[in-house]
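Participant: Each chain, written out:
Number of protein chains: 2
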Amino acid sequence: MLWLSCLIPVVVLCFTILQYKRLVSLPEGTSVMSQIAQDIRQGADAFLYLEYKHLSVYALGIAIVLAIFLSWYVSVAFLLGLFVSSLAGWIGMKAATRANVRVCNNARITKNIGSAFSIAFQGGSIMGLSVASLASLGLLVVVFVFGIGVGQLNPSQIGILTNGGLIHFIPFPMTVSGYALGCSLVALFNRVGGGIYTKAADMGADLVGKTELALAEDDARNPATIADNVGDNVGDIAGLGSDLLESYVGAIISSIVLILHTFVLLGAQQISSATALHLTYYPLIFVLIGLASSFIGIFLVLRKKSISDPQKELNTSVYISAGCTIVFTFLFTWMYLSPIPQSELQNLSFSFGIVSPWIASAVGVVVGIMIGATAEYYTSEQLAPTKELSNFSKGGVSILITKGLALGMKSVLITVALLSVGILASYKVAGLYGVAMAALGMLSFIATTVTVDSFGPIVDNAGGIAQMAKLSPEVRTLTDKLDSIGNTTAAVGKGFAIGSAALAALALFASYIYAQLGPADVGIGHMRTILTLNIMEPRTIAGAIFGGALPFFFSAYLIDAVVNSANKMVQEVRRQFIEIPGLMEGTAKGDSKRCVEIRTQGALKKMQIPILIAAGVPVIAGFLLGPNFVGGILFGTTLSGIMLAIFCANSGGAWDNAKKRIEAGEVEDERKGSEAHKAAVIGDTVGDSLKDTVGPSLDILIKIMSITALITVSIFKVIHLF
Amino acid sequence: MLWLSCLIPVVVLCFTILQYKRLVSLPEGTSVMSQIAQDIRQGADAFLYLEYKHLSVYALGIAIVLAIFLSWYVSVAFLLGLFVSSLAGWIGMKAATRANVRVCNNARITKNIGSAFSIAFQGGSIMGLSVASLASLGLLVVVFVFGIGVGQLNPSQIGILTNGGLIHFIPFPMTVSGYALGCSLVALFNRVGGGIYTKAADMGADLVGKTELALAEDDARNPATIADNVGDNVGDIAGLGSDLLESYVGAIISSIVLILHTFVLLGAQQISSATALHLTYYPLIFVLIGLASSFIGIFLVLRKKSISDPQKELNTSVYISAGCTIVFTFLFTWMYLSPIPQSELQNLSFSFGIVSPWIASAVGVVVGIMIGATAEYYTSEQLAPTKELSNFSKGGVSILITKGLALGMKSVLITVALLSVGILASYKVAGLYGVAMAALGMLSFIATTVTVDSFGPIVDNAGGIAQMAKLSPEVRTLTDKLDSIGNTTAAVGKGFAIGSAALAALALFASYIYAQLGPADVGIGHMRTILTLNIMEPRTIAGAIFGGALPFFFSAYLIDAVVNSANKMVQEVRRQFIEIPGLMEGTAKGDSKRCVEIRTQGALKKMQIPILIAAGVPVIAGFLLGPNFVGGILFGTTLSGIMLAIFCANSGGAWDNAKKRIEAGEVEDERKGSEAHKAAVIGDTVGDSLKDTVGPSLDILIKIMSITALITVSIFKVIHLF
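Taken in order, these protein sequences are the chains called A and B.
Start counting the first sequence at 1434; every next residue gets the next number (my numbering).
Start counting the second sequence at 1434; every next residue gets the next number (my numbering).
It cannot be assumed that every hint is accurate.
In this list, chains with the same sequence are indistinguishable; a pair is considered to hold if it fits within one copy or across any two.
[Claimed, not checked] Subject to a maximum C-alpha distance of 25 Å in a straight line, what follows is the list of computed DSS-like cross-link-like pairs (lysine-lysine): (1) K2026 - K2111; (2) K1820 - K2105; (3) K2001 - K1820; (4) K1643 - K1827; (5) K1737 - K1827; (6) K2022 - K2001; (7) K2026 - K1486; (8) K2093 - K1643; (9) K1861 - K1820; (10) K2111 - K2001; (11) K2150 - K1861; (12) K2150 - K2038; (13) K1454 - K2026; (14) K2105 - K1486; (15) K1454 - K1737; (16) K2001 - K1827; (17) K1827 - K2111; (18) K1643 - K2111; (19) K1544 - K1738; (20) K1914 - K1903; (21) K2001 - K1737; (22) K2022 - K1820; (23) K1903 - K1454; (24) K2150 - K2111.
Derived from the structure by calculation, the hints contain no laboratory data.
Build the full structure now, drawing on both the sequences and the hints.
Facilitator: Below is the structure:
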């Protein structure tokens, strides 16, 4: 069954390559369009190239450290994770930066929203499918090469063996965590570096262009416009894709780690090696079935000849993917887990028999969709909260900002209440393994989620190209329609990303606690009663308080980076308008390459502190004060990181849409250019860095800290200073 | 020794009454001044009267519930706490609203900053001394009447006894917690109700007055001005005083509860009744010595005939109080705890012998001062962060707001790192009892802290009266100088309040865990190893996540309340300017009473949800899902409440001072009325509700939730639905 399901990602990957070939065979349109598209492409390529260059320095350092202190197993797995995630980001960007101009051209020629939509969807699907297939393929390689499949499972091979304080056998859980760390590092670079890049470019372009020179959005004369369009690809395509990829891998490996450690804990008397092996492979096959289901959902839309309602198609694709995942994984679970004896199920706390992990995953799907709906409720311009907010823009900037902050803060409660219920329910069903399965449920149809989310930036870019190439307004109207569909899906997607990251982080946190087990713990009892991280322990409580502040500091650092970079961009654009004669009149061309370069350098230089916080703090804290302190830090960071991320995403989203509502003429007596609109634009700018840089980066922070701790805990649990 | 030290608060209270008499014997000045002062006084009285009326309804309900489900002991203690805290607030307000006009008059006649300062300080000291003396007197009554002093200590009298599920003996810890709950409820009303009142009045006065009609601050024609001045007294005098009073009582009772439960836990073999009794009285006498020390510090300033440098006097007063506290409590600790045998000290985890609790309290003092200094660092207009922020105001509103948010977020890390170190150090020294002692150390010279903090609003009011009575600008310049001194101390005081609230809340949280012990646990072992709240328990983790969101929701609710109330105020002021002929010309008088009424009603109507969250959630959650869920909620709320409170206080403070820096002409090329100044005014308005309503109220939220849980846990640990 495992071998058979391994074919799925291979087949999907082949299909994706074919799709890519089909995409590039479409015409690019006029030479102006082609030129603009090439500029964007080159900017994006330049960013990725420089980013991967920076990344490789850190990666090499980490790989060497891992090889020396742990094992070359871990190091190789780490590099593989890095490669797989970078490759997915690269393919996705390549596809998106080719799809944008083709969407625009199609709209220009056919004037048909359906056929333009098809191309954008096709471009997005290349990202979505490659994320899911590459991530799972890489993980399969790790499992088969270093893996548990080689022999029968033996508790002592899983736990860590120490001999007089020296570690001389590296267990499998650590190796899969190494793979996850590789994926995380790429995600950190894409989300943080990309996030700074995107927003600095956006703010920079707006501050000079719109405010000082009264140019329209995406005006070709503004040399920062290309950087802005590059930013959409960097942040929203590569960033979002690698973020979800990381959650995906995190959820899979935490369910593997949890089951392996449960096996250690319960001992071979209570749970047989065969069952443990079975359950270890279970999440792997589970996600492959999810991939196949997503493929069906995506394929059904791709093969449609004529499309009239794009929103409906997007929804269909998501519902079919989710529905197929739920049905197929149920059948699979039923078949696959039947051999497990009744007594073992009880020892594993599977309250509802063999389908327990499936029920937990279904809980995850439901909770994920509800969290997405909550995000939509708070940020949609059609619904009460944002409507109210946009009306408050009449009261001036200070009231609008204050109310927007309140809106984001308020939205936290329902979102986390859903998470709490999800945790309680999935735990009830299958213990901590259930929590990991809930995360997996949310993420199993990731291919579709990423496809739908990538659709937005592609059509956004298409609109930008139409504007810059001065195509007829009709084309822009068409792409704007597609764009507004993209915005709705983006809000839901963001909520989904945060929800799944939160669950994945909690599962990783649980794995961290479990990873402190050693061979001495073999067979010590029932998992529910044994493993504790006691809040009353002073190190844990001090760690939690300290950890709780890290997301705040991290956010502040990112905001500073965006503002400072935007300032530099503003100076460059001002300089160009002064020094390049004819730029304002449209007779000369701005040096957009220089803008892209400034941004790229600016964003990547700022990566040291985020990396230090994300990967350095858990290790340093561990070697100073040991595993309980780190446990506290992880818990505190996860807790306040989730809250802040939700707050930032929803405040920012609501301000953005409040502005759009005024622009659409839906607020009585107000329109573009009125005082209320000016206030709303300020709200939007404040929200921009919150929702597009801070919020998404916090997702990564909480996951990467857990994974780093998970890999290193077996060392610092033995050796720490105090 | 105990009896002797009981004289301290009685003597202090008598002295305070004399001070009050001396204060009111001073002249009020012209009849205009007198009239304005009377308006403010009446407004403040009307607010307090209505507030206490509202409060009494809730209080009666809670008292009945406590009497029925727990015992009339708890109920009476609760009412006593309520009475004591209300009385302190009432006295403080009475003194402040009489001192303000006298400060103004003195400045008018003598033109001497020193003698005006003396009166303001005298007014503040009445609040400071009555807070500390009334709170400790009330607690002494509870201890002597219901107390442990009646007979020898017996473990079974402390733990709760259940007979077939029915509770038929109410232990002493619950009774002192009842007293604390009374104090908390008043603090909640003063801080939340007062905070909404203050900021809505402030925003309302500014929005119409400054923005629409271009009136100056404190212009007598603006009918909302009186309400604004009333607000300063309500929020900053009564609010701050009752907040610190609550932390003070919370810290004392948590050290009592912890030691009593440790006694239960260790059993009479490991720690004798005599030692337990000794240690129970220890924090009580400790704070009385702190009160005496503060009295010295305050008295030295009060008796000075001529004062040239008010800032120096304030500092002297604080340093002498803190220094005397440290020295005297050391001597006391040495004498008082000598009888404890060595073996018992070890069982109690007193790592440094008998002076261990004193060392822990000294850690608290140091940490408290450093947290205050951190708040000053981030918000002082003389120092780098706020200087940088004020320079960013040149970049426009959105950058100023964004940077201000980042500044507040950044300030969280150092503050909580200090807290973490404080927790680790004090725990190392004397276990959890040490953590409670650290909180107590911070709070033991509360009389001086409150005096210094109350000084600010008194001189602020004096300036307002000078403006409204159209006194010569010289007078206003003088009061402004005093005001700016008040602002610096206010920032430090706010940091101190948050820091001490955080430590007190953590001590209460620990008490909550300990309060789950029963007679069955008598003598079960060493405290360090036994008591756990396991984060890995799904209820705890779900509770923590849910609890973490409560401060966000609570904050959002308060912000909404302020904005909505300010809106109503704006409408009322607009109406008056339209309907009252001659108001704008200054020939007719506005109906300031109506403004005060609107605000009072508005603020008090909004109390239901905050009370429900603060006192309802722990109880409801407890009866639904039991003590571990509530433990998680408390932890999550405390954690995210501390972070949010620091963030709000420092962002708000920095915006405020960034604006002041521009007004003082310290930002190059900018002055009052320039674009940058307008941006800074908006920043200040956004920050106002964050720093004066949200931040301080979060302090109360985290403490009152812990106290409510502490009182009710022995019931819902036995009875809960799921």
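Participant: None of the hints should be skipped; say for each whether it holds.
Facilitator: Tested hints:
Taking the shortest alpha-carbon separations for K2026 and K2111, neither the intra-copy value of 31 Å nor the inter-copy value of 36 Å comes in at or below 25 Å. When the C-alpha separation of K1820 and K2105 is checked against a cutoff of 25 Å, the pair qualifies only within one copy, where the shortest distance is 16 Å, while the shortest distance between copies is 35 Å. Taking the shortest alpha-carbon separations for K2001 and K1820, only the inter-copy value of 20 Å comes in at or below 25 Å, while the best intra-copy value is 35 Å. In the homo-oligomer, the alpha carbons of K1643 and K1827 lie at most 25 Å apart both inside one protomer (21 Å) and across protomers (17 Å), since each shortest distance falls under that limit.
Neither within a single protomer nor between protomers do K1737 and K1827 lie at most 25 Å apart by alpha-carbon distance, with minima of 46 Å and 54 Å respectively. Taking identical chains as interchangeable, the C-alpha atoms of K2022 and K2001 lie at most 25 Å apart only when both belong to the same chain, with a minimum of 20 Å there against 54 Å between chains. For a Cα distance limit of 25 Å, the shortest separation of K2026 from K1486 inside one copy, 19 Å, qualifies, whereas the shortest one across copies, 69 Å, does not. In this assembly of identical chains, the alpha carbons of K2093 and K1643 lie at most 25 Å apart only when taken from the same copy (16 Å versus 30 Å across copies).
Taking the shortest Cα distances, K1861 and K1820 never come within 25 Å of each other, neither inside one copy (39 Å) nor across copies (53 Å). When the C-alpha separation of K2111 and K2001 is checked against a cutoff of 25 Å, the pair qualifies both within a copy, at 24 Å, and between copies, at 24 Å. Taking identical chains as interchangeable, the C-alpha atoms of K2150 and K1861 lie at most 25 Å apart only when they sit on different chains, with a minimum of 20 Å there against 30 Å within one chain. For a Cα distance limit of 25 Å, the shortest separation of K2150 from K2038 qualifies neither inside one copy, at 33 Å, nor across copies, at 54 Å.
With identical chains, the CA atoms of K1454 and K2026 are never at most 25 Å apart, being 28 Å at best within one copy and 77 Å at best between copies. Proximity of K2105 to K1486 under the C-alpha cut-off of 25 Å is found in neither arrangement, the shortest distances being 43 Å within a copy and 49 Å between copies. Taking the shortest Cα distances, K1454 and K1737 sit within 25 Å of each other inside one copy (18 Å), while across copies they are farther apart (89 Å). In this homomeric assembly, K2001 and K1827 come within 25 Å of each other (Cα to Cα) only across copies, at 15 Å, whereas the closest approach inside a single copy is 33 Å.
Both within a single protomer and between protomers do K1827 and K2111 lie at most 25 Å apart by alpha-carbon distance, with minima of 10 Å and 17 Å respectively. With identical chains, the CA atoms of K1643 and K2111 are at most 25 Å apart both within one copy (12 Å) and between copies (20 Å). With identical chains, the CA atoms of K1544 and K1738 are at most 25 Å apart within one copy only, with a shortest distance of 16 Å there and 88 Å across copies. Taking the shortest alpha-carbon separations for K1914 and K1903, only the intra-copy value of 18 Å comes in at or below 25 Å, while the best inter-copy value is 61 Å.
Taking identical chains as interchangeable, the C-alpha atoms of K2001 and K1737 are never at most 25 Å apart, the minima being 47 Å within one chain and 56 Å between chains. Proximity of K2022 and K1820 under a CA criterion of 25 Å is satisfied in neither setting, with 41 Å inside one chain copy and 39 Å between copies. Taking the shortest Cα distances, K1903 and K1454 never come within 25 Å of each other, neither inside one copy (28 Å) nor across copies (81 Å). For the homomeric pair K2150 and K2111, neither the shortest alpha-carbon distance inside one copy (55 Å) nor that between copies (55 Å) is at most 25 Å.
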